[in-house]
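Engineer: Could you build the full structure based on these sequences and the hints that come with them?
Number of protein chains: 2
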Amino acid sequence: MTEERKISMAVIRRLPRYYRYLGELLDNGVTKISSRELSEKMKVTASQIRQDLNNFGGFGQQGYGYNVEYLHKEIGKILGLENTHSMIIVGVGNLGQALANYTSFEKRGFNLIGLFDVNPRLVGMSIRGIEVLDIDKMEEFVKEHKVDIAILTMPKTKVKETAENLAKWGVRGLWNFSPVDLFVPDGVQVENVHLSHSLMTLAYRINECEGE
Amino acid sequence: MTEERKISMAVIRRLPRYYRYLGELLDNGVTKISSRELSEKMKVTASQIRQDLNNFGGFGQQGYGYNVEYLHKEIGKILGLENTHSMIIVGVGNLGQALANYTSFEKRGFNLIGLFDVNPRLVGMSIRGIEVLDIDKMEEFVKEHKVDIAILTMPKTKVKETAENLAKWGVRGLWNFSPVDLFVPDGVQVENVHLSHSLMTLAYRINECEGE
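First to last, the protein sequences are chains A and B. Residues in the first sequence are numbered from 1 upward in steps of one, following UniProt numbering. Residues in the second sequence are numbered from 1 upward in steps of one, following UniProt numbering.
None of these hints come from the bench; they were simulated from the model. Here the structure is a predicted model, which is why all the values come from computation and not from measurement. Check before you lean on any hint, since a few could be wrong.
All copies of an identical chain are treated as equivalent in the list; a pair is satisfied when it fits inside any one copy or across any two copies.
As a list, the in silico BS3-like pairs of lysine-lysine whose alpha-carbon atoms are at most 27 Å apart [to be verified]: (1) Lys107 to Lys41; (2) Lys158 to Lys107; (3) Lys146 to Lys158.
Structural biologist: Listed below in structure tokens is the structure:
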């Protein structure tokens with residue numbers, strides 16, 4: 001880690017968005033940008049940007065702006081994207097297959113190395129050269145390979161038990177798409193993605209707006 | 001709307017989680033719960049719960065706790081879940097198909113009425129009785145049917161244009177899964193779901209934890 005201080009999760013959660021915008025600027029050949037320009041592009045205030053990036057010692061020079069390549073790289077380092085991460089997917093239904101086909105994860109060092117399912121119709125099938133294995137083989141696989149992240153796209157009834165097992169077998173990151181909140185031992189990190197929450201929030205905003 | 005005051009989006013974003021937990025309690029036959037018990041279950045502080053729910057006039061009675069059914073219903077009303085919402089999916093690849101198969105959305109009044117894609121191999125296919133139509137038919141469809149929400153699960157190159165068109169044709173809610181931030185006219189609401197952001201945040205937390 002480049003930085004020992006604890007940075008608030010609110011700031012951390014904003015970093016991937018900076019990373020994405022800076023990556024797009026780089027792709028478009030932009031080498032420097034002011035906080036004002038970045039602010040207009042990202043629709044956040046320039047002071048928010050300066051404040052967020054100051055958490056990491058700034059990177060900006062007064063009157064010059066930010067060096068896009070340097071800032072992109074530094075944020076990538078902070079997020080840990082200079083390391084590669086190996087991933088498995090547990091549950092190869094539509095959502096699992098969709099995520100298995102996201103090649104953009106790989107570009108950021110997230111490498112899919114295993115696919116698991118209980119469904120005999122899926123077992124044996126290959127996605128991007130990776131064979132779907134029976135879930136019974138998962139323990140052996142996880143213990144043999146270094147698995148950093150397990151993507152949980154399985155029914156909610158089995159997810160708690162699976163998460164506990166994966167944690168026990170040494171997986172340190174769980175990316176959970178089942179509609180339950182997982183609480184796991186210290187040292188294991190969970191990101192719960194609740195798609196229905198996002199949809200309900202959208203419904204609220206639509207209805208709220210109608211009332212205006 | 002039951003409530004005219006503006007409630008902060010931070011609170012609104014926490015409501016679906018309350019709604020989900022209260023729904024589970026109801027399913028398990030629990031009729032009342034104290035903020036302390038709810039707090040232990042949800043792993044948030046009891047004072048956070050009281051503060052959040054006070055935004056809507058409380059619902060709790062000192063020494064009794066919350067009436068689960070009433071609170072569940074009231075939060076549902078606030079979120080606009082007493083109304084039904086019609087949805088279309090634009091882009092019927094793996095992710096679009098996964099979302100089309102989420103029957104849990106329907107239970108909350110989100111009804112899928114249309115599927116669109118450009119791919120001739122997908123056009124004509126049916127998912128849960130809904131035929132995938134060519135994207136050329138979308139304008140006519142949206143103008144004939146009342147479409148509240150368009151789910152955008154299409155490549156990022158086309159998503160801005162599609163979003164602008166849908167807004168022009170009267171769709172008020174866009175649930176965007178493409179890795180771009182959409183900025184649309186006033187009166188149109190967008191929820192951008194950036195799966196890669198969630199994954200990068202997880203990577204950060206794994207790496208951060210290793211350093212400890």
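Engineer: Each hint should be assessed against the structure and marked as holding or not.
Structural biologist: Here's how the hints hold up against the structure:
no.	hint	result
1	Lys107 to Lys41	within (24 Å within a copy, 38 Å between copies)
2	Lys158 to Lys107	between (31 Å within a copy, 21 Å between copies)
3	Lys146 to Lys158	within (23 Å within a copy, 38 Å between copies)
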